[in-house]
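A.B. asks: Below are the chains, spelled out letter by letter.
2 protein chains.
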Amino acid sequence: MKIDVILNNRTEYDFSGKTVVVIDVLRATSTILTALVNGCLEVIPVCGVEEALTLRKTTAKGELILGGERKGKTIPGFDLGNSPLEYTKEKVGGRRVVLCTTNGTQALVQTAGAEEVLIGSFLNITKVASYLKETARDITLFCAGREGRMSLEDLLCAGKIIKKILFMAKNGTVPELTDSGRLAMIAYKHLVNKVKGPVIAIAQTEHGQYLSSIGYNEDLRYCGQVDFLPQLAIYQNERIMLDKPCYRN
Amino acid sequence: MKIDVILNNRTEYDFSGKTVVVIDVLRATSTILTALVNGCLEVIPVCGVEEALTLRKTTAKGELILGGERKGKTIPGFDLGNSPLEYTKEKVGGRRVVLCTTNGTQALVQTAGAEEVLIGSFLNITKVASYLKETARDITLFCAGREGRMSLEDLLCAGKIIKKILFMAKNGTVPELTDSGRLAMIAYKHLVNKVKGPVIAIAQTEHGQYLSSIGYNEDLRYCGQVDFLPQLAIYQNERIMLDKPCYRN
Numbered sequence: 001m002k003i004d005v006i007l008n009n010r011t012e013y014d015f016s017g018k019t020v021v022v023i024d025v026l027r028a029t030s031t032i033l034t035a036l037v038n039g040c041l042e043v044i045p046v047c048g049v050e051e052a053l054t055l056r057k058t059t060a061k062g063e064l065i066l067g068g069e070r071k072g073k074t075i076p077g078f079d080l081g082n083s084p085l086e087y088t089k090e091k092v093g094g095r096r097v098v099l100c101t102t103n104g105t106q107a108l109v110q111t112a113g114a115e116e117v118l119i120g121s122f123l124n125i126t127k128v129a130s131y132l133k134e135t136a137r138d139i140t141l142f143c144a145g146r147e148g149r150m151s152l153e154d155l156l157c158a159g160k161i162i163k164k165i166l167f168m169a170k171n172g173t174v175p176e177l178t179d180s181g182r183l184a185m186i187a188y189k190h191l192v193n194k195v196k197g198p199v200i201a202i203a204q205t206e207h208g209q210y211l212s213s214i215g216y217n218e219d220l221r222y223c224g225q226v227d228f229l230p231q232l233a234i235y236q237n238e239r240i241m242l243d244k245p246c247y248r249n
Numbered sequence: 250m251k252i253d254v255i256l257n258n259r260t261e262y263d264f265s266g267k268t269v270v271v272i273d274v275l276r277a278t279s280t281i282l283t284a285l286v287n288g289c290l291e292v293i294p295v296c297g298v299e300e301a302l303t304l305r306k307t308t309a310k311g312e313l314i315l316g317g318e319r320k321g322k323t324i325p326g327f328d329l330g331n332s333p334l335e336y337t338k339e340k341v342g343g344r345r346v347v348l349c350t351t352n353g354t355q356a357l358v359q360t361a362g363a364e365e366v367l368i369g370s371f372l373n374i375t376k377v378a379s380y381l382k383e384t385a386r387d388i389t390l391f392c393a394g395r396e397g398r399m400s401l402e403d404l405l406c407a408g409k410i411i412k413k414i415l416f417m418a419k420n421g422t423v424p425e426l427t428d429s430g431r432l433a434m435i436a437y438k439h440l441v442n443k444v445k446g447p448v449i450a451i452a453q454t455e456h457g458q459y460l461s462s463i464g465y466n467e468d469l470r471y472c473g474q475v476d477f478l479p480q481l482a483i484y485q486n487e488r489i490m491l492d493k494p495c496y497r498n
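Keeping their order, the protein sequence lines are chains A and B.
Just so we're aligned: 127 in our numbering is position 127 of the first sequence, and the numbers increase by one with no gaps anywhere.
To convert a position in the second sequence, counted from 1, into our numbering, add 249.
No wet-lab data here; the hints were simulated from the structure.
Every residue gets a Cβ at the ideal spot worked out from N, C-alpha and C, and that includes glycine.
You may find that some hints are simply not true.
Simulated pairs of lysine-lysine, DSSO-like, Cα-Cα distance not exceeding 30 angstroms [said to hold, decoys possible]:
| # | chain 1 | residue 1 | chain 2 | residue 2 |
| --- | --- | --- | --- | --- |
| 1 | B | LYS382 | B | LYS438 |
| 2 | A | LYS194 | B | LYS412 |
| 3 | B | LYS251 | A | LYS196 |
| 4 | B | LYS438 | A | LYS170 |
| 5 | A | LYS189 | B | LYS445 |
| 6 | B | LYS443 | A | LYS170 |
| 7 | A | LYS194 | B | LYS413 |
| 8 | A | LYS170 | B | LYS445 |
| 9 | A | LYS189 | B | LYS443 |
Here are the computed distance ranges between Cβ atoms for each label pair [what the hints assert, rightly or not]:
| # | chain 1 | residue 1 | chain 2 | residue 2 | range |
| --- | --- | --- | --- | --- | --- |
| 10 | A | GLN236 | B | THR307 | 50 to 58 angstroms |
| 11 | B | GLN485 | A | LEU85 | 45 to 53 angstroms |
| 12 | A | PHE167 | B | GLU396 | 29 to 37 angstroms |
| 13 | B | SER379 | A | LEU85 | 46 to 54 angstroms |
| 14 | A | THR11 | B | LYS322 | 21 to 29 angstroms |
| 15 | A | ASN217 | B | SER265 | 31 to 39 angstroms |
| 16 | B | GLN474 | A | ASN217 | 41 to 49 angstroms |
| 17 | A | GLU116 | B | VAL475 | 41 to 49 angstroms |
| 18 | B | VAL475 | A | ARG239 | 46 to 54 angstroms |
Please model the complete structure; the sequences and the hints are all you need to start from.
C.D. replies: Printed below as a string of structure tokens:
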């Protein structure tokens, strides 16, 4: 088993035969997971605003919630932004969400050809790592990054996933790591452990600082919570659903 | 002053007003510097094989040396490959070289708009860092990577440049680092120091292992030599020359 990490979504990759985990800690994958755990039936990731608006036009009124952001802020005409805290049971329970974000949903749509695609975040990190440990396939941790750049918070999450897999595999076959896999491990070890957890490390990243500057401090604290939503979410047939629906009351 | 690191050459960046250092440790920038120190008059980086062949057709016989690689191996019809050890005084002294490599020359050509562009490698790392310390501009360390992926050896070189700049700046204004700048520092500190120098660290990277598998072990040792060629090379008007020509005998 080989573990690779992709640092942004601007290069085309061949995902055939692979298990891919899309990671966009701030905030798409944290938001997707939150929506699903709060009873959202499915999340449909799309790349363009027009695509989202068209999808709503073709469905019955109130059936689809549109969520998404540009430069971190809610898209005009959309119901919700990209803050996980907006995706409450009251707002998304029993409904479907179309999500359109700058980086995370683009990465999801790029995974065509993969054997399976999971949603990764700090919120469900152990669940994801445990699942990956059992797969016999090569693994790609696909960090969405930010407008073609590496985002440190995504790489830190990838590093922690790898660390957990290696720990679980210590008495068996140790997975092989690519250069970027080694880098993610090193980054996690020295940037997260040093500050005693992901919440502070996330707040120190460029995107963390940007979100803080536009008023989303609560999101940083929320998205850094390890194993707060221990669920597996799968992207299949252009939509994301929980592996085993298990809604919070 | 802000220091940023770019991890590969597949995204377009705005370099206006910036000092850019292109880094392709294995092997383009190590090779360029070696050729120039061995008396090559100038190196002209080009992206395509056809472009290189056309340039030769339009010049007098023997005036231009064509060098370059595809998948690490010499391009058919070219005089030299991309091993710095081929660029001896006998072969390139007093002549001009057209260089066409998979990643490094592509990165160089992408720097259009930058205020100035330098050639970075372990071979001239202190010279580059000292120069950068004196500039008042924002700095971009542009790691060429490998076919759109991050290359660890380039990031390690960037990390060491940053470390040197910070050390020199410790009593003055400390430059600001982006996420990728912090990442490069961490990578250098924990992957190079741990193995006591760049030579072993380079040999452990994916591209290092590939070059070793096709017989270029000597190149790995050569390219990991810190400050072996303490010269500044500048890319300007589509060609690279030494800042102050200083040929070895």
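A.B. asks: The structure should be examined with respect to each hint, and the outcome stated for every one.
C.D. replies: Status of each hint after checking the structure:
| no. | hint | verdict |
| --- | --- | --- |
| 1 | LYS382(B) - LYS438(B) | 20 angstroms, holds |
| 2 | LYS194(A) - LYS412(B) | 19 angstroms, holds |
| 3 | LYS251(B) - LYS196(A) | 27 angstroms, holds |
| 4 | LYS438(B) - LYS170(A) | 25 angstroms, holds |
| 5 | LYS189(A) - LYS445(B) | 20 angstroms, holds |
| 6 | LYS443(B) - LYS170(A) | 22 angstroms, holds |
| 7 | LYS194(A) - LYS413(B) | 22 angstroms, holds |
| 8 | LYS170(A) - LYS445(B) | 26 angstroms, holds |
| 9 | LYS189(A) - LYS443(B) | 14 angstroms, holds |
| 10 | GLN236(A) - THR307(B): 50 to 58 angstroms | 56 angstroms, holds |
| 11 | GLN485(B) - LEU85(A): 45 to 53 angstroms | 51 angstroms, holds |
| 12 | PHE167(A) - GLU396(B): 29 to 37 angstroms | 32 angstroms, holds |
| 13 | SER379(B) - LEU85(A): 46 to 54 angstroms | 49 angstroms, holds |
| 14 | THR11(A) - LYS322(B): 21 to 29 angstroms | 23 angstroms, holds |
| 15 | ASN217(A) - SER265(B): 31 to 39 angstroms | 33 angstroms, holds |
| 16 | GLN474(B) - ASN217(A): 41 to 49 angstroms | 48 angstroms, holds |
| 17 | GLU116(A) - VAL475(B): 41 to 49 angstroms | 45 angstroms, holds |
| 18 | VAL475(B) - ARG239(A): 46 to 54 angstroms | 53 angstroms, holds |
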